[in-house]
Amino acid sequence: MAATVAKVKKEKKPFHFMQWAKSRKGQQVIICVAFMVIPLLLLFTFTYLPFGEMVKFSFYDMKYSTPADKREFVGWENYLDVFRRDDCFGALKLSLYYVVGALIQLALALYLATILSFKVKGGNFFKGLMFFPYLISGIAIGFIFKFFYTRGFVLDTVLQWLGFELENLPYWLRDQSINNWSLVATSVWRYFGQNMVLFIGAIMSVDAELYEAAELDGANKFQQFRYIILPSIKTIVTLNVILSITGSLSAFEQPYVITDGANGTGTYFVIMNELAHTSQKVGLASAMAVVLLLIIFACTILQKLFFKYIFRDAASEDESYKAKRARLKAEKAALRAEKAKKGVA
Amino acid sequence: MKLKKVLAVTLIAAMTAGMAACGNTTNSSQTGTTTNNAADDAVAATESGDAAAGASGSLSYADITLGEDYTDLTTTITLFNHRTDLQSADYNGTTWDEYLAAFNEMYPNITVEITTDTNYADDALMHLQSGDYETIMMIPAVDKADLSNYFLSYGDLETMQGEINYATTWEYGGQVYGVPSTATTQGIVYNKKVFEEAGVTELPTTPDEFIAALQAIKDNTDAIPLYTNYAAGWTMGAWDAYIGSNATGDNTYMNQKLVHTANPFQDYGDDTHAYAVYKVLYDAVANGLTEEDYSTTDWEGCKGMINNGEIGCMVLGSWAYPQMEAAGENAADIGYMPFPITIDGVQYASAGADYSYGINVNASDDEKAAAMVFVKWMTEESGFSYNEDGLPVDADSTETKLSFEGVTFLEDEPAVAGEEDLLNQMNSESELNINAGGDAKIQAIIEHAFNGTMTYDEIMDEWNQSWSDAQEALGVEVTQ
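Top to bottom, those sequences are chains L and U.
Mapping of the first sequence onto our numbering: position 178 corresponds to residue 178, and the numbering continues sequentially without gaps.
Counting the second sequence from 1 gives a position; our numbering is that position plus 345.
Honestly, the hints are just simulated from the structure, not real lab data.
Mixed in with the good hints there might be a few duds.
Claimed, not checked - Derived DSS-like pairs: lysine-lysine, alpha-carbon spacing no greater than 30 angstroms straight-line: (1) L:Lys221 with L:Lys93; (2) U:Lys746 with U:Lys537; (3) L:Lys63 with U:Lys489; (4) U:Lys489 with L:Lys56; (5) L:Lys119 with L:Lys304; (6) L:Lys70 with U:Lys602; (7) U:Lys746 with L:Lys70.
Quick caveat, the model's predicted, so the values are computed rather than measured.
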């Protein structure tokens, strides 16, 4: 009896579903959804949900330990505070040090990558050597450099070998006019190897025949770099610049570990951390985080536009911009016409 | 095709099972322990014959008789604390392992697992916020109103005051939530030999005498007169501990009066109050009486340096005293003196609880009982406070290695009822974070003193301004 009922039911609705599920299209959909659900769920739980909470916090006056029902809603007050206080945006000025550092770092990485992508003795050895710092944890690097910069320790000793007098050397971390540069140097040392490896990867994909052809035409190494390598790896250059600059806006590890953010080295992140964890102004710190996010968005968009402008020039060297647009338009029109034809057929 | 499908299904099943397993194991183990506990509880209650504590479920510190109650209790408890040094076999004093061995002689069935952390103050808060924390914790900086959410009460204040000193430290609503591990006082740890060599025979009792002593050390010895420990950060925040009883001779100043005081950082003109405390630091740095590169000071290194006579003195609580003694071969050279502020001819020193043991309120009954037994044992039997050169915590004991002749000890009074969290709120609002991790503001004193970017009075004016703004924002009545 029960069996027949089950059978009847099976024959009605689920039957169609099973059939659909077995069909090629059904299989495609099911697999797509199944594969999407897990990463999306993880992404939502661990990224968007906490982010949403943080945005919510930024409208409240609260501590971490304040129970949810005692948090006081203050509207835009925290955001106004971020702009009113001079320590928040003052700290962003320090990011300029890191931006300059990032540009030096990219130039250095690009230079070394170009050299190493040609045949060099011990090339792989050097690549490994320069990539190595990236593998050390940021905290460990912090401790290494704390001692590196201490008076009379590593850096001073090496400079003394080179003939400098100890009395003429600055105090690398005490002197407020150079301590930020000391920290930036640490950051450059850590990341340039990684940038270099990315660049080498991109340069490898350039067709070797192009170099030969260029050499036959009498191009020197610099011209090869300027007209072959650079245009071929522009995507990766753009990406690295954007990542480095957003990274320098949110510099944290070096100042936090090496100087504890004291002595004029407190970057935006360090100040934010101090406000959130010492003064327990979680709302204000959250607002700072949201403001930084917007600044990073703005910077990224500006950089995108900037690179679009730069590389538009590079791409339109053999045909004028207008000519190119006209050609693209024509191509599009042709494509549309073809589609229309198919539709009729 | 079939095979692939089977494979995919198995894989998914395995993954789900794996995920479910994570949840399941903890669940089952938890239920496991609770049932065990219930059984143990019954055993403990009947066998130890302590009906008051076991059966009724209301655990009380005062009612526990060590060595008699709960001797059959079998359970495992965890203890999270900041004493990383006690976990190292090289420690010159008694290590955690030695304490636990002694404890297990009396209570062989209670296993205590100890975790220590160098970044305790922050990480402990993180543990509490996660909701999953150790059975016994050293209570970090939580609001007193939240104490009962996290910790178990040891008993009411009146009873506890008969048992321990400093019972008011973590008291809220008449209940005591923390038993101090040890008690410390505030003064200056110094190297006797260096002071002798410098020709300082009488210990300084006023800021001027102190600066003169530092100058003498600079002139007559190779030692660094005052080591700031700037880079470590928290060592700077330690200066806040001196602005209460030490600088005012008033044990209600810190927790009751400060929040109501108008411009507490003003110059009172008689070398007292907070102004005089921080001025010692400013003047020492401005006159070059500190280490030459403050940005790279090394906390671990300074212990050996003061022991060897490379440092004259450091402003640290008495808890640091045994560490300095243990850091080298010259333990006898290390001394501890009161902070050089004299109020009407008397020097005061605030004595207060160090980190206090709090017991997880969400632990099982068995764990709670075991934890309370352990805390009581640590206080009364272990000799921890004496070994660590602290002041006695057990109310019946007067044993201590500290000698502070002619100094009046004051125990800070707690905040008045209803204002328990006001100081916390003021700290947060003003961002001065007095005695609450406000390291940056004191680091700034050194920076300004060294670079000459701000005068001392300008700094104090700024702090007064922050304090007044916070009082206004929170609507605090200014009466002093």
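Checked hints:
1. L:Lys221 with L:Lys93: At roughly 38 angstroms apart (the allowed maximum being 30 angstroms), L:Lys93 and L:Lys221 break the hint.
2. U:Lys746 with U:Lys537: Since the Cα atoms of U:Lys746 and U:Lys537 sit roughly 17 angstroms apart, the hinted pair holds (cutoff 30 angstroms).
3. L:Lys63 with U:Lys489: holds (14 angstroms)
4. U:Lys489 with L:Lys56: The given pair, whose Cα atoms are some 26 angstroms apart, holds under the 30 angstroms limit.
5. L:Lys119 with L:Lys304: Between L:Lys119 and L:Lys304 the Cα gap is close to 34 angstroms, so the pair fails against 30 angstroms, i.e. violated.
6. L:Lys70 with U:Lys602: holds (26 angstroms)
7. U:Lys746 with L:Lys70: violated (46 angstroms)
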